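Engineer: For reference, the chains in residue letters:
2 protein chains.
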Amino acid sequence: MATNITPRTKDYNQWYLDVINAAGMADYSPVRGCMVIKPHGYAVWEGLQRELDARFKATGHVNAYFPLFIPMSFLAKEAKHVEGFAMECAVVTHSGLEPDGKGGLKPKGEIEEPLIVRPTSETIIGHTYAQWVQSWRDLPILVNQWANVVRWEMRTRLFLRTMEFLWQEGHTAHETWEEAEAETRRMLDVYADVAENVLAIPVHRGRKSPAERFAGADDTYCIEAMMQDGKALQAGTSHNLGQNFSKAFDIKFQTRDQKVAHVWTTSWGVSTRLIGALIMTHSDDDGLVLPPKVAPVLAAIVPIYRKDDEKAAVLAYAKELLARLVGADAVARAEAVCGGREILEVPYGSTGQRVVLDLRDGLRPPDKFFHWEQRGVPVRLEVGPKDLANRAVMAVTRTPRSKNVVSADAITPAWFDDALATAQKMLFERAVAFRAAQTRACDDYAAFKSAIEEKPGFYAMHWDGTKETEAKIKEETKATIRCIPLADVIDGADGPISMKTPGTDPVSGKPSEGRVLFARAY
Amino acid sequence: MATNITPRTKDYNQWYLDVINAAGMADYSPVRGCMVIKPHGYAVWEGLQRELDARFKATGHVNAYFPLFIPMSFLAKEAKHVEGFAMECAVVTHSGLEPDGKGGLKPKGEIEEPLIVRPTSETIIGHTYAQWVQSWRDLPILVNQWANVVRWEMRTRLFLRTMEFLWQEGHTAHETWEEAEAETRRMLDVYADVAENVLAIPVHRGRKSPAERFAGADDTYCIEAMMQDGKALQAGTSHNLGQNFSKAFDIKFQTRDQKVAHVWTTSWGVSTRLIGALIMTHSDDDGLVLPPKVAPVLAAIVPIYRKDDEKAAVLAYAKELLARLVGADAVARAEAVCGGREILEVPYGSTGQRVVLDLRDGLRPPDKFFHWEQRGVPVRLEVGPKDLANRAVMAVTRTPRSKNVVSADAITPAWFDDALATAQKMLFERAVAFRAAQTRACDDYAAFKSAIEEKPGFYAMHWDGTKETEAKIKEETKATIRCIPLADVIDGADGPISMKTPGTDPVSGKPSEGRVLFARAY
Numbered sequence: 001m002a003t004n005i006t007p008r009t010k011d012y013n014q015w016y017l018d019v020i021n022a023a024g025m026a027d028y029s030p031v032r033g034c035m036v037i038k039p040h041g042y043a044v045w046e047g048l049q050r051e052l053d054a055r056f057k058a059t060g061h062v063n064a065y066f067p068l069f070i071p072m073s074f075l076a077k078e079a080k081h082v083e084g085f086a087m088e089c090a091v092v093t094h095s096g097l098e099p100d101g102k103g104g105l106k107p108k109g110e111i112e113e114p115l116i117v118r119p120t121s122e123t124i125i126g127h128t129y130a131q132w133v134q135s136w137r138d139l140p141i142l143v144n145q146w147a148n149v150v151r152w153e154m155r156t157r158l159f160l161r162t163m164e165f166l167w168q169e170g171h172t173a174h175e176t177w178e179e180a181e182a183e184t185r186r187m188l189d190v191y192a193d194v195a196e197n198v199l200a201i202p203v204h205r206g207r208k209s210p211a212e213r214f215a216g217a218d219d220t221y222c223i224e225a226m227m228q229d230g231k232a233l234q235a236g237t238s239h240n241l242g243q244n245f246s247k248a249f250d251i252k253f254q255t256r257d258q259k260v261a262h263v264w265t266t267s268w269g270v271s272t273r274l275i276g277a278l279i280m281t282h283s284d285d286d287g288l289v290l291p292p293k294v295a296p297v298l299a300a301i302v303p304i305y306r307k308d309d310e311k312a313a314v315l316a317y318a319k320e321l322l323a324r325l326v327g328a329d330a331v332a333r334a335e336a337v338c339g340g341r342e343i344l345e346v347p348y349g350s351t352g353q354r355v356v357l358d359l360r361d362g363l364r365p366p367d368k369f370f371h372w373e374q375r376g377v378p379v380r381l382e383v384g385p386k387d388l389a390n391r392a393v394m395a396v397t398r399t400p401r402s403k404n405v406v407s408a409d410a411i412t413p414a415w416f417d418d419a420l421a422t423a424q425k426m427l428f429e430r431a432v433a434f435r436a437a438q439t440r441a442c443d444d445y446a447a448f449k450s451a452i453e454e455k456p457g458f459y460a461m462h463w464d465g466t467k468e469t470e471a472k473i474k475e476e477t478k479a480t481i482r483c484i485p486l487a488d489v490i491d492g493a494d495g496p497i498s499m500k501t502p503g504t505d506p507v508s509g510k511p512s513e514g515r516v517l518f519a520r521a522y
Numbered sequence: 001m002a003t004n005i006t007p008r009t010k011d012y013n014q015w016y017l018d019v020i021n022a023a024g025m026a027d028y029s030p031v032r033g034c035m036v037i038k039p040h041g042y043a044v045w046e047g048l049q050r051e052l053d054a055r056f057k058a059t060g061h062v063n064a065y066f067p068l069f070i071p072m073s074f075l076a077k078e079a080k081h082v083e084g085f086a087m088e089c090a091v092v093t094h095s096g097l098e099p100d101g102k103g104g105l106k107p108k109g110e111i112e113e114p115l116i117v118r119p120t121s122e123t124i125i126g127h128t129y130a131q132w133v134q135s136w137r138d139l140p141i142l143v144n145q146w147a148n149v150v151r152w153e154m155r156t157r158l159f160l161r162t163m164e165f166l167w168q169e170g171h172t173a174h175e176t177w178e179e180a181e182a183e184t185r186r187m188l189d190v191y192a193d194v195a196e197n198v199l200a201i202p203v204h205r206g207r208k209s210p211a212e213r214f215a216g217a218d219d220t221y222c223i224e225a226m227m228q229d230g231k232a233l234q235a236g237t238s239h240n241l242g243q244n245f246s247k248a249f250d251i252k253f254q255t256r257d258q259k260v261a262h263v264w265t266t267s268w269g270v271s272t273r274l275i276g277a278l279i280m281t282h283s284d285d286d287g288l289v290l291p292p293k294v295a296p297v298l299a300a301i302v303p304i305y306r307k308d309d310e311k312a313a314v315l316a317y318a319k320e321l322l323a324r325l326v327g328a329d330a331v332a333r334a335e336a337v338c339g340g341r342e343i344l345e346v347p348y349g350s351t352g353q354r355v356v357l358d359l360r361d362g363l364r365p366p367d368k369f370f371h372w373e374q375r376g377v378p379v380r381l382e383v384g385p386k387d388l389a390n391r392a393v394m395a396v397t398r399t400p401r402s403k404n405v406v407s408a409d410a411i412t413p414a415w416f417d418d419a420l421a422t423a424q425k426m427l428f429e430r431a432v433a434f435r436a437a438q439t440r441a442c443d444d445y446a447a448f449k450s451a452i453e454e455k456p457g458f459y460a461m462h463w464d465g466t467k468e469t470e471a472k473i474k475e476e477t478k479a480t481i482r483c484i485p486l487a488d489v490i491d492g493a494d495g496p497i498s499m500k501t502p503g504t505d506p507v508s509g510k511p512s513e514g515r516v517l518f519a520r521a522y
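In the order they appear, the protein sequences are chains U and F.
Numbering of the first sequence is given in my numbering, commencing with residue 1 and proceeding in unit increments.
Numbering of the second sequence is given in my numbering, commencing with residue 1 and proceeding in unit increments.
Hint data in this document are derived by calculation from the structure and do not stem from the laboratory.
This structure is a prediction, so every number in the text was calculated from the model and none was measured.
Careful: at least some of the hints might be erroneous.
Calculated lysine-lysine pairs in the DSBU-like style (CA-CA distance at most 30 Å, straight line) [claimed, not checked]:
#1 F/Lys106 / U/Lys106
#2 U/Lys77 / F/Lys102
#3 F/Lys307 / U/Lys259
#4 F/Lys478 / F/Lys510
#5 F/Lys106 / U/Lys247
#6 F/Lys80 / U/Lys247
#7 F/Lys319 / F/Lys57
#8 F/Lys472 / F/Lys231
#9 F/Lys57 / U/Lys80
#10 U/Lys106 / F/Lys80
#11 F/Lys478 / F/Lys467
#12 U/Lys106 / F/Lys478
#13 U/Lys106 / F/Lys510
#14 U/Lys102 / F/Lys455
#15 F/Lys449 / U/Lys102
#16 U/Lys307 / F/Lys467
#17 F/Lys307 / U/Lys108
#18 U/Lys57 / F/Lys247
#19 U/Lys106 / F/Lys77
#20 U/Lys77 / F/Lys108
#21 U/Lys108 / F/Lys510
#22 F/Lys102 / U/Lys108
#23 F/Lys467 / F/Lys80
#24 F/Lys80 / U/Lys102
#25 U/Lys252 / F/Lys102
#26 U/Lys259 / U/Lys307
#27 U/Lys449 / U/Lys467
#28 F/Lys449 / U/Lys80
#29 F/Lys57 / U/Lys319
#30 F/Lys80 / U/Lys108
#31 F/Lys472 / F/Lys80
#32 U/Lys80 / F/Lys231
#33 F/Lys467 / F/Lys455
#34 U/Lys247 / F/Lys108
#35 U/Lys77 / F/Lys106
#36 U/Lys108 / F/Lys57
#37 F/Lys108 / F/Lys80
#38 F/Lys478 / U/Lys57
#39 F/Lys259 / U/Lys102
#40 U/Lys10 / U/Lys403
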């Protein structure tokens, strides 16, 4: 029942796919580049949605929904935007099918203007806001959308890069540049908060270089994470769009002093890609590791018995332990639902997260241990006849790796919450330490070229600010400027690195205002 | 500021659009037939999602996500299914755009096999389940998906019929026909529960006639509601798909007795159409009326003052009343978020529903009254200098229509919850009474033909069970069989109507096993 997982050191990419497969997170679908997000993977997304949505609303945003389809002509209205997306759009050209005479079907009913399946919604939302906004009293508009988007990618990878993905896209409109900038930064902070305090993924907040900006933005901010193979991953972006889209779509308003002006807009998004980041940050050769705040299953109770006469007593004891965590009422309600099913799932708290009791007859206990371990369940309680006799239980935690005999009386929600909090904290601290160990200052381009091969990670280098230097480095090393960090100092393997001290670009020899972070990236 | 609403009696269809517009629920978009769901409309959908999702999970279902695109060849695999959907599919044929040489764009990069934008997901999910299921131990699969779907409709109407709509689609697989049938009925009951106890829309649960079945189902169950214009509306469907899709997609499993069999599947769905039903069931000539369980704004507090020296005291008093409902801490948190904005929104409870304090300077109080009334807010508190002097408040409820002076001390969460519960109950009872008044038994076809014109509603008539009779009635009267009700007796204008007593079909003169419900429908 346990699925083999390729070790990270042997084949990192295969390890990633094996972890996803063993955990039942996702599958490729018959449509090239599209994935099926399986229940365990989708439950992680629901956890992430819950945490993000609460923060969006707590910062004054509301949700709305805009059309999946965008008229082809809209895309052309913002010059840089169309450049960025025209080559990777799914285009709808027909509105029906008819028999092709060979037993199959063919498209029928060509439509007048082709429709684009949204790769992102700045254009259709820009058009809509032009109707919504008349006066400064209609501002700010603070709207978020949960949606699917499509970008025709040639090289896809589950969660990290898929043709269709799920995301949220915030789209706001403001009276002034200052307000738009504040919004852009506010949402960057929300993303960093969720990445670090929910997903336990440490991130650098920073600005993108002009070459790496979103197509149509004046400024793109991002959070950048470090994966276990030393590659960086852009985990979220927040764009100050200036007046680019408001001019393209004529979003005008009457100002407080009775003039007419274009609004200032922002957009910001994170996607199911974050689940890829989550997997690559914490998981190990035994499978998925999940921070408790987004783990769909928080604990699995596995009964152990050899003979049939042990079974009833062990199961009763296992249920008693389950009830100690979730309450007897909740157990009774779950039993009524599960009926004949072999895994009893009981909600813990109000988040939809669950504690399960694994009653499957067809599996041996060690296979059950592997099963829950590979799915990233933080806590496992193993309950056998000896435990019953001692009124104890073997408590196994995924983070830290520990096995301890605990008395039944000690199994309380407080004990459980403590174990979960410890795992959450330890995962973040471990990832912070790992990232620092993969981060170095570098002032010599030749040294950088070999270092990026031998010790992949973040390299804090001086940069002259030109796209020529940036392009040369990318061309020669495949490393890109991940961000110009907002922080003055970041931790590296050899101690703190000052980012804002001026210096010299090691490639061009020109002066530099400060260091930026280079890495190879997903 | 108040928007004019056409009275129902003058033009029902225009009334419906006016209510949506005045409430800020939705707009047509530049893409024909696609709508923009505005924040107030989307918040109703979020309420509905919250209530449905909790019930899906409480009945053992989990969420997952399947691709938006379906290979064209999949649709052809189930003969009736392709018949039902081939003529209304959006078809993707290209993967990019290029300049057309005239300053615009044109599709580029024809793809090998066209992709269908899902009109529903039985085919892609059937294909997936064939990979997931090997043994009876893998069953049942109880999965739901929240998604957008596209059906190329020629005649669209906001919420009721749009080219793209949001919905949930449950897809389950079982060992036996009996289990699949039980699941189909269980989810029908969940839908009826949400319709009646959340949306306050009374529904008849029943089976569809073969002619009205879902394309590919063995049996379709539905909930049918009655709108204020006497037209019926199908509010949700639950299908027993038998082995039609498991045979088309080869979903096989090893049975408990070591044989190989095809699984039995079901599917069930409700959509944003329910919001149309909600509007048409409860709203009036003053605008939207919402049952409190899905009202995004539960109460609006409107301060009234003429002179500037009254303003500070009235606002302080209004905030005191707000705090009495939601707690002073919540008010303080909301003030920190809203910053300079003119409507202070404070969460009430944990559902995301809110109480608002309308601080807008640019609007007169009567305009604010209209504003919140048109948006279906159940309770309004009007607070002026006289109220302040008397430590009282004018409490206005939308259902029942009432205005009462209430002492400030009486404004408590208990008082508020009671007002909301009263409105919820009264809306349902009113709709139940209205439906009964629009429901009649009829045993004479000539009488039916004129009655359906003059007194639109449900007509309980005998039916011989043939598609010929059904088609004749549809052709001649535009009325269809809405359902074969599960209930033995339903209430009509002239008392209870026995549905299961045999009789004679008034059209064919052939024997009938019982009455069925005819109506014209949306």
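Engineer: Next, verify each hint and record whether it holds.
Structural biologist: Checked hints:
1. F/Lys106 / U/Lys106: 21 Å, holds
2. U/Lys77 / F/Lys102: Judged against 30 Å, a Cα distance of about 14 Å means the pair holds.
3. F/Lys307 / U/Lys259: 29 Å, holds
4. F/Lys478 / F/Lys510: Given pair F/Lys478, F/Lys510 holds - Cα atoms ~22 Å apart, limit 30 Å.
5. F/Lys106 / U/Lys247: Holds, because 24 Å separates the two Cα atoms, which is no more than 30 Å.
6. F/Lys80 / U/Lys247: Outside the cut-off at roughly 49 Å; violated.
7. F/Lys319 / F/Lys57: 39 Å, violated
8. F/Lys472 / F/Lys231: It holds: about 19 Å lies between the C-alpha atoms, which stays within 30 Å.
9. F/Lys57 / U/Lys80: Since the Cα atoms of F/Lys57 and U/Lys80 sit roughly 45 Å apart, the hinted pair is violated (cutoff 30 Å).
10. U/Lys106 / F/Lys80: Within the cut-off at roughly 17 Å; holds.
11. F/Lys478 / F/Lys467: OK: F/Lys478 and F/Lys467 at ~15 Å, within 30 Å.
12. U/Lys106 / F/Lys478: 33 Å, violated
13. U/Lys106 / F/Lys510: 44 Å, violated
14. U/Lys102 / F/Lys455: The hint is violated at about 51 Å.
15. F/Lys449 / U/Lys102: 46 Å, violated
16. U/Lys307 / F/Lys467: Violated, at about 60 Å.
17. F/Lys307 / U/Lys108: This hinted pair is violated, its Cα atoms lying about 67 Å apart.
18. U/Lys57 / F/Lys247: 46 Å, violated
19. U/Lys106 / F/Lys77: Judged against 30 Å, a Cα distance of about 14 Å means the pair holds.
20. U/Lys77 / F/Lys108: Distance ~18 Å between U/Lys77 and F/Lys108 Cα, so the pair holds.
21. U/Lys108 / F/Lys510: Not satisfied, since the Cα-Cα distance of roughly 43 Å exceeds 30 Å.
22. F/Lys102 / U/Lys108: 26 Å, holds
23. F/Lys467 / F/Lys80: 17 Å, holds
24. F/Lys80 / U/Lys102: 18 Å, holds
25. U/Lys252 / F/Lys102: 28 Å, holds
26. U/Lys259 / U/Lys307: 85 Å, violated
27. U/Lys449 / U/Lys467: The given pair, whose Cα atoms are some 19 Å apart, holds under the 30 Å limit.
28. F/Lys449 / U/Lys80: 62 Å, violated
29. F/Lys57 / U/Lys319: 21 Å, holds
30. F/Lys80 / U/Lys108: Since the Cα atoms of F/Lys80 and U/Lys108 sit roughly 19 Å apart, the hinted pair holds (cutoff 30 Å).
31. F/Lys472 / F/Lys80: 23 Å, holds
32. U/Lys80 / F/Lys231: Not OK: U/Lys80 and F/Lys231 at ~50 Å, beyond 30 Å, violated.
33. F/Lys467 / F/Lys455: This hinted pair holds, its Cα atoms lying about 25 Å apart.
34. U/Lys247 / F/Lys108: This hinted pair holds, its Cα atoms lying about 28 Å apart.
35. U/Lys77 / F/Lys106: Holds, at about 14 Å.
36. U/Lys108 / F/Lys57: 40 Å, violated
37. F/Lys108 / F/Lys80: 33 Å, violated
38. F/Lys478 / U/Lys57: 46 Å, violated
39. F/Lys259 / U/Lys102: At roughly 36 Å apart (the allowed maximum being 30 Å), U/Lys102 and F/Lys259 break the hint.
40. U/Lys10 / U/Lys403: Holds: U/Lys10 and U/Lys403 sit about 28 Å apart, inside 30 Å.
Hints 6, 7, 9, 12, 13, 14, 15, 16, 17, 18, 21, 26, 28, 32, 36, 37, 38, 39 from the list above are not met by this structure, while the remaining hints are.
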